[in-house]
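S.K.: Letter by letter, the chains look like this.
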Amino acid sequence: MNKSGIVDIELWQLIAAYAYVIVLLVIVRIMGIKREKIIVVSSIRMTLQLIIAGYVLIYLFNHPSFGFLLLLFLLMEGFAINNTFTRVKVPLNRELKKIIAYSLCGGTTISLMYFLLVVIGGNTWSDPRYFIPIAGMLIGNSMTGISLGINRLIDSMRTERDRIEGALMLGATPKMASKDSVNKAFDASILPTINSMLGMGIVFLPGMMTGQILSGTSPLIAIKYQIAIMLGILGSVAFTVLIFVHRAYKVFFNKEAQLLLPEETDTKK
Amino acid sequence: MESPDNEKPVFTLKEVKFNDILYIKELTIAEKKTTAMVGKSGSGKTTLLKLLNKLISPDSGTIYYRDTPLETIDSVALRREVVMMPQTPVIFEGNIRENLLIGLKFSEKKLSPDGRLMSVLQAVGLDKKLDEPAHLLSGGEKQRLALARLMLMVPRVWLLDEPSSALDKETEDEVMKKIMDFGKRNGSTIIFVTHSTPMAEKYAEEIIEIENGEIVSIKQNQHE
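Line by line, the protein sequences give chains W and H. Numbering of the first sequence is given in this note's numbering, commencing with residue 1 and proceeding in unit increments. Numbering of the second sequence is given in this note's numbering, commencing with residue 1001 and proceeding in unit increments.
With the rest of the complex left out, here is chain W (with noise of 0.2 angstroms):
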C-alpha cells in the first residue's frame, strides 16, 4: 500500500494477472476453440499500448501542453478513423470515407468542448487530466457506434433495395425512401450504450467509476462523473452517427434521385 492508501500492483501481482489469462489459453486449446493466437496477440498488444499510454499521459501531465494536447488529439481521431474503415466490411468510396472522417470529427469535437466547457467548466478544460481521458472515452464510443450505423447502413440499403425503389416510383425523395434504413442504422448504433446505461449500477460498475474508486475517489463524486461521461458519451455516439446519416444515405442515390446498384455506389465520384 502506498502514501494514499492505494494498494500499488507490483510486478509478480501483474505476472500473475498474465497467468490467469495462460489458464485461459489452456482450457481454450482443450476445448478446440482456436482463437489462442487473437487471445495471445490482443493481451500483448493492449500491454504495450497501455505501457506507451502511460509514459505519454505522464510526460503530458509533468509538461502541459496545448499543441501537444491537440495533436495527441488528432492522432485519437486519425486513429479512430482509420480504425471505423477496417471494421466496415464492405469496400467504402471515397465519399463515404469522407462522411465517415468528419462525422467523426464533428461528433466528438462538439461533444468534447461542451462537456469541457460547460460541464467541467472552470479552467481545467485544457488540463490532460481531463480532456485525454475524456477525449478518449467520447472518441472510443463513437468510433464503435459509426462502425455499427455503417454497417447497417449499406446492409439495410441493399437488403430493402425494393422497398426503397417501391418508394422512389409512389414520388418519395431520397431521404423519405431511405428514412428506415437511416433509423435502423441510428438504433444499431446507440443500442450499444443505451443497453451499457440500462445495466450500470445493477448488473455492472463500469470502467471508469471503478478505477476512480480503485486510486482513492468517494464514490459519490465518481458516480457524478460517470453519469456525466455517460450522457456525453451518448450525445457524442448520437451527434456523430446523425452528422453521418444525414449525409450517407444521398451516397446511394445520383442526381436522378435513382437508386444506385452497389457496384454504382461503389465508383460514385
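I should point out that these hints are in silico values taken from the structure, not numbers from a laboratory. Note that the Cβ used here is the ideal one computed from N, Cα and C, for glycine as well. Any given hint might turn out to be false.
Said to hold, decoys possible - In silico DSS-like pairs for lysine-lysine, Cα to Cα no more than 25 angstroms straight-line:
id, chain 1, residue 1, chain 2, residue 2
1, W, 179, H, 1110
2, H, 1142, H, 1110
3, H, 1129, W, 255
4, H, 1177, H, 1142
5, H, 1033, W, 250
6, W, 255, H, 1017
7, H, 1014, H, 1129
8, W, 179, H, 1109
9, H, 1014, W, 175
10, H, 1184, H, 1008
11, W, 34, W, 89
12, W, 184, H, 1178
13, W, 255, H, 1014
14, W, 250, H, 1128
15, W, 255, H, 1142
16, W, 89, W, 224
17, H, 1109, W, 175
18, H, 1128, H, 1202
19, W, 179, H, 1142
20, H, 1105, W, 175
21, W, 179, H, 1105
22, W, 97, W, 184
23, H, 1178, H, 1032
Stated by the list, open to error - Quick look at which bits of chain W chain H covers, simulated, 3 or more residues with Cβ under 8 angstroms:
id, stretch
24, 162 to 173
25, 246 to 258
Keeping the supplied structure of chain W fixed, place chain H upon it in accordance with the hints.
M.R.: Only chain H this time, still in chain W's reference frame:
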C-alpha cells in the same frame, strides 16, 4: 388542325437505348388511353416502365413526357404524377391504413379519411380492417392493397407491372375492370405490362408488343 385531346402523346420515345436490354427507335403513347405492353419474360417490358418512371435513365435517346424531355423534369415531381406499381407489390411496415396512406405521404398530398380508405379497399375486393397488419396479407391481397394505394393517389399516369399476376382469374377480371373504369373516370393514362395477350386484348385500347428489347408491333384494339 389540332388533334383531339385524348390523342395527344403522354410519352414520346426517340432512339432510346438501355444497355443491351432495350432499343426503341420511335414510340408514342397516347394520353388518357389504356396501353398494354405484351411480350415474353425478359423482353424489356419492365425496363421500359422504369424508364418512363425515371427510375432508370436511357444510355442514349430521348424520352418526352408531354413534350418535355424527361431529363429536364425533376424526377420526384415526375414520379408524383407518373406513378409506378412493381410486379411484386411493396408492403411497408405497419397496418393496412398506413400502407394505403403512404403513397399520399410520399407524394405530400392531403391524407384521405378512413371512409375513403374503406371505399378503395372495397373497390379492389379486399375485405379487411384498416388496423390489420399488412405483412400478413397473401400475395394477391398485397397486390390489391398496392392497387388501392394507387387509387387514392389518383395519378395522372399509372404504370402497372403485371398488376394482376398474383390474382385468380375471377378476381383479376373484377379488379382490372374497376381499375380501368376508375382511370377513365379520372382522365388518367394507364400503361400496363402483361405477358398475357388475352388480358391485353380485354382491357387495352392500344397493344405494344415487345420482343428481345424491340417493338415488333403496335395495334389499336377494339374492345368492349
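S.K.: Give a verdict on every hint.
M.R.: Hints, verified against the model:
1. As the CA atoms of residue 179/W and residue 1110/H are separated by approximately 20 angstroms, the hinted pair is consistent with the 25 angstroms bound.
2. Our distance criterion of 25 angstroms between C-alpha atoms is met by residue 1142/H and residue 1110/H, whose separation comes to about 23 angstroms.
3. For the suggested pair residue 1129/H and residue 255/W, the alpha carbons sit about 40 angstroms apart, so the restraint of at most 25 angstroms is broken.
4. Of the pairs offered as hints, the one joining residue 1177/H and residue 1142/H holds, with about 18 angstroms between alpha carbons and a cut-off of 25 angstroms not exceeded.
5. Pair hint residue 1033/H plus residue 250/W does not hold up; C-alpha atoms about 37 angstroms apart against a cutoff of 25 angstroms.
6. Annotation: proposed proximity of residue 255/W to residue 1017/H holds, straight-line Cα distance about 20 angstroms (limit 25 angstroms).
7. Restraint check: the Cα-Cα separation between residue 1014/H and residue 1129/H comes to about 46 angstroms, which exceeds 25 angstroms; the hinted pair is violated.
8. Under the criterion of a C-alpha separation no larger than 25 angstroms, the hint pairing residue 179/W with residue 1109/H is consistent with the structure, at around 18 angstroms.
9. For the proposed pair residue 1014/H and residue 175/W, the alpha carbon gap of about 32 angstroms is over 25 angstroms, so the pair is violated.
10. Of the supplied pair hints, the one linking residue 1184/H and residue 1008/H holds, its CA atoms being roughly 16 angstroms apart against a limit of 25 angstroms.
11. Proposed proximity of residue 34/W and residue 89/W is supported: the alpha carbons are some 22 angstroms apart, at most 25 angstroms.
12. For the proposed pair residue 184/W and residue 1178/H, the alpha carbon gap of about 38 angstroms is over 25 angstroms, so the pair is violated.
13. In summary, the hint linking residue 255/W to residue 1014/H is supported, as the alpha carbons are separated by about 23 angstroms, within the 25 angstroms threshold.
14. Restraint check for residue 250/W and residue 1128/H: the C-alpha separation of about 37 angstroms exceeds 25 angstroms, so the hint is violated.
15. This hinted pair does not check out: residue 255/W and residue 1142/H have alpha carbons roughly 31 angstroms apart, beyond 25 angstroms.
16. At roughly 38 angstroms between alpha-carbon atoms, residue 89/W and residue 224/W are farther apart than 25 angstroms, so this suggested pair is violated.
17. Of the pairs offered as hints, the one joining residue 1109/H and residue 175/W holds, with about 17 angstroms between alpha carbons and a cut-off of 25 angstroms not exceeded.
18. Between residue 1128/H and residue 1202/H the CA atoms are separated by roughly 29 angstroms; this puts the pair beyond 25 angstroms, and the hint is violated.
19. Between residue 179/W and residue 1142/H the CA atoms are separated by roughly 22 angstroms; this keeps the pair inside 25 angstroms, and the hint holds.
20. For a cut-off of 25 angstroms, the pair hint linking residue 1105/H to residue 175/W stands: about 13 angstroms separates their Cα positions.
21. A distance of roughly 13 angstroms separates the Cα atoms of residue 179/W and residue 1105/H; the hinted pair therefore holds under the 25 angstroms criterion.
22. A distance of roughly 20 angstroms separates the Cα atoms of residue 97/W and residue 184/W; the hinted pair therefore holds under the 25 angstroms criterion.
23. Annotation: proposed proximity of residue 1178/H to residue 1032/H holds, straight-line Cα distance about 16 angstroms (limit 25 angstroms).
24. Counting residues of the stretch 162 to 173 of chain W whose beta-carbon sits less than 8 angstroms from any beta-carbon of chain H gives 11, enough to reach three: the coverage restraint holds.
25. Given as covered by chain H, the stretch 246 to 258 of chain W passes the check, having 3 residues with a CB less than 8 angstroms from a CB of that chain where 3 are the minimum.
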